[in-house]
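In our numbering, the protein residues as written are 1 to 77.
Derived by calculation from the structure, the hints in this document are not laboratory data. Since this is a predicted model, take the numbers as computed values, not measurements. Where is the CB? At the ideal position from N, CA and C, for every residue including glycine. Treat the hints with care, as some may be off.
Claimed, not checked - The calculated DMTMM-like cross-link candidates involving lysine to aspartate or glutamate, where the alpha carbons are at most 20 Å apart (straight line), are:
#1 49 / 31
#2 73 / 61
#3 49 / 60
Unchecked claim - Okay, the calculated beta carbon distance ranges per label pair:
#4 8 / 74: 38 to 46 Å
#5 8 / 66: 30 to 38 Å
#6 33 / 12: 39 to 47 Å
#7 19 / 44: 19 to 27 Å
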Amino acid sequence: MDITPQEESMIKALREAALPPLFVLIRIRNDISNDTVNVEESRRDEVVKTLEKYISPLWEDYHEVKNSQAKEKTLTN
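With the hints as extra help, turn the sequences into a complete structure.
Here's what the structure looks like:
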């Protein structure tokens, strides 16, 4: 999959901000999904589907960590 200059600059900016990878992927997915002016529909769908493949396992891991932290907090209180 080729990355457009606009996508590349967006990725660089998000990396420089030192944001968590899950946040970056979700942000990029949402921006591309909502960009009906600069990204043609077939390209947009392809990129969104690809990003969702990467987001899904990270999202599950995020919730597992949050749930285990909540359980630990409940046990210590």
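Hint check:
no.	hint	result
1	49 / 31	holds (13 Å)
2	73 / 61	holds (18 Å)
3	49 / 60	holds (17 Å)
4	8 / 74: 38 to 46 Å	holds (44 Å)
5	8 / 66: 30 to 38 Å	holds (32 Å)
6	33 / 12: 39 to 47 Å	violated (20 Å)
7	19 / 44: 19 to 27 Å	holds (22 Å)
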